[in-house]
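Taken in order, these protein sequences are the chains called A and B. The numbering used here applies: residue 1 is where the first sequence begins, and numbers increase by one. The numbering used here applies: residue 1001 is where the second sequence begins, and numbers increase by one.
Hints listed in this document are in silico derivations from the structure and should not be mistaken for laboratory results. Honestly, I wouldn't trust all of these hints.
In silico DSS-like links for lysine-lysine, alpha-carbon gap of 30 Å or less [unchecked claim]:
| hint | chain 1 | residue 1 | chain 2 | residue 2 |
| --- | --- | --- | --- | --- |
| 1 | A | LYS66 | B | LYS1100 |
| 2 | A | LYS143 | B | LYS1243 |
| 3 | B | LYS1243 | B | LYS1100 |
| 4 | A | LYS45 | A | LYS74 |
| 5 | B | LYS1024 | A | LYS45 |
| 6 | B | LYS1100 | A | LYS45 |
| 7 | A | LYS114 | B | LYS1243 |
| 8 | A | LYS74 | B | LYS1100 |
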Amino acid sequence: MIEVSHLTKSFDSHVVLEDISTVFRPGQVNLVIGQSGSGKTVLLKSLVGLLPIEQGDIIYSDQSLKGMTPVHRKDLRRRIGMLFQGSALFDSMTVLENVMFPLDMFTSWNRTEKAERAQACLERVELPSAAALFPSELSGGMKKRVAIARAIAPNPDYLFCDEPNSGLDPLTSIVIDDLIREITHEYGITTVVNTHDMNSVMGIGEHITFLYRGHVEWTGTNRDIFHSGNEALDQFIFAAPWTRQMKK
Amino acid sequence: MKSLLRHLGRYTMLMGQVFRKPDKWAVFGNTLVRELQNLGTNSIGIVIIISFFIGAVLAMQTSYNLINPLIPRYLIGLLTRETMLLEFSSTIVSLILAGKIGSSIASEIGTMRITEQIDALDIMGVNAPNYLILPKIVAVLCFFPLLCMLSMTVGIFGGWVASVTQHLLTSSEYVYGIRYAFNSYYIVYSIIKIEVFAFIIATVASYHGFFVAGGSLEVGRSSTRAVVHSSIIILMFNLLLTKLLL
Ligand SMILES: Nc1ncnc2c1ncn2[C@@H]1O[C@H](COP(=O)(O)OP(=O)(O)OP(=O)(O)O)[C@@H](O)[C@H]1O
Ligand SMILES: [Mg+2]
């Protein structure tokens, strides 16, 4: 479980996040939605400690990220998998080496064990035959899937995904979303997903945090979202004219 | 001045993270082998070509300037040797390699920065500076002395080829010249210099790559800056080391 309490983040005088409080529970997909520029990426990077916390705190199952010693922080990071907006695969390594990398770094397994685990993860994301390819030889959707395989290879307790399906077609997006949901349920991971994709919101939005102008405007599930009565949320969800008409 | 101090501060902090025990020695070994190939063996060709031609040109120019018949011809060999040993094989070779290796290090690390690969390392709990930069430093420290000695040998050989084919002097005169008043300390001096320059190239270029912010345009700028800064620093240290060592 991850608890965000009164988190505030600004760049110079520009306040991006203001007094954010929310809870992300294990075994379910937690979505963070909001317009482009609303601070989703900043929130995610603060969650994993890539951006320093100024005010407020983030608590990982009773451990405060702010008060953590570097050793504890390193320990925590080994239990975190993250999917970046641009995949962030290592382009000097093959797909298999990419997935094996966290295992190389932090397990004492031998090469066969590591390769087996990596291959199993690649099979989990339905890319069993891509092992020998380089990231430059993959399509955008395949890169995302390899990145998911790399993130889950060391059996993380926490999975963070920054716009896992930006730039993908609707069908591939659904494949990625389903994958994230299945993995989350299968291993009881605490998953946080940033998105502004409505298909994802409806498909996997088990817990939704709506960011609006730097604060949490609304929280709920995908079932509540249509009758939230929240004006800002409605404007975001029913942005396209045809959806507004459908609603009527 | 303030920006110089800021650079120095960030550089020192980065080096503090670089010089740590690697998380996994096996991984370090693998990357070191790759870097030896990237940064070392791939530079052999350019060092050979440049050293050969400069050695040849040195011999020819010395010969054209030696019009006084009282001056012995073997001086051509002697002067070619001295120039190669003292300056060319360390300083000039380093300046050339700063262009080749420095820009490649800066753009490689800079690209990893802007495509979030360095963030990905951070998230995994990997010490990114240590993982990325230390193997590069060790690789150039291992390989540059070899390149330096290779350059000396090839350069002196180039001088010999020019001398003999252009009939500037006989082969035995040239050989007499390159052995005349030979001071082996010059080789030590050269190798000390090139080790320092190797360190400068690898660390300055890594520094510029590591702190890239923005897009591909900035990666390009950072690699240019890496070359310019490391060249200037090399020239300053050249002066300093010459004062200290000779
Ligand atoms: N490193 C930074 N320095 C200064 N400002 C930043 C920085 N990172 C983000 N911001 C600002 O924070 C705000 C939120 O950015 P963020 O990247 O979190 O948006 P986002 O919700 O992820 O958008 P998108 O959906 O387009 O990815 C933006 O106004 C941006 O200008
Ligand atoms: Mg974003």
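Pair hint A/LYS74 and B/LYS1100, alpha-carbon separation not exceeding 30 Å: Since the Cα atoms of A/LYS74 and B/LYS1100 sit roughly 36 Å apart, the hinted pair is violated (cutoff 30 Å).
Hinted pair B/LYS1100 and A/LYS45, Cα distance within 30 Å: Given pair B/LYS1100, A/LYS45 is violated - Cα atoms ~35 Å apart, limit 30 Å.
Given hint B/LYS1100 paired with A/LYS66 - CA-CA distance at most 30 Å: Answer violated: A/LYS66 to B/LYS1100 is near 43 Å, above 30 Å.
A/LYS45 paired with A/LYS74 [C-alpha distance capped at 30 Å]: 15 Å, holds
A/LYS114 paired with B/LYS1243 [C-alpha distance capped at 30 Å]: Outside the cut-off at roughly 54 Å; violated.
Satisfaction of hint between B/LYS1100 and B/LYS1243, Cα-Cα up to 30 Å: Between B/LYS1243 and B/LYS1100 the Cα gap is close to 28 Å, so the pair holds against 30 Å.
B/LYS1024 paired with A/LYS45 [C-alpha distance capped at 30 Å]: 26 Å, holds
Proposed proximity, B/LYS1243 with A/LYS143 (alpha carbon, max 30 Å): 55 Å, violated
Violation of the numbered hints given earlier is confined to hints 1, 2, 6, 7 and 8; the remaining hints are satisfied by the structure.
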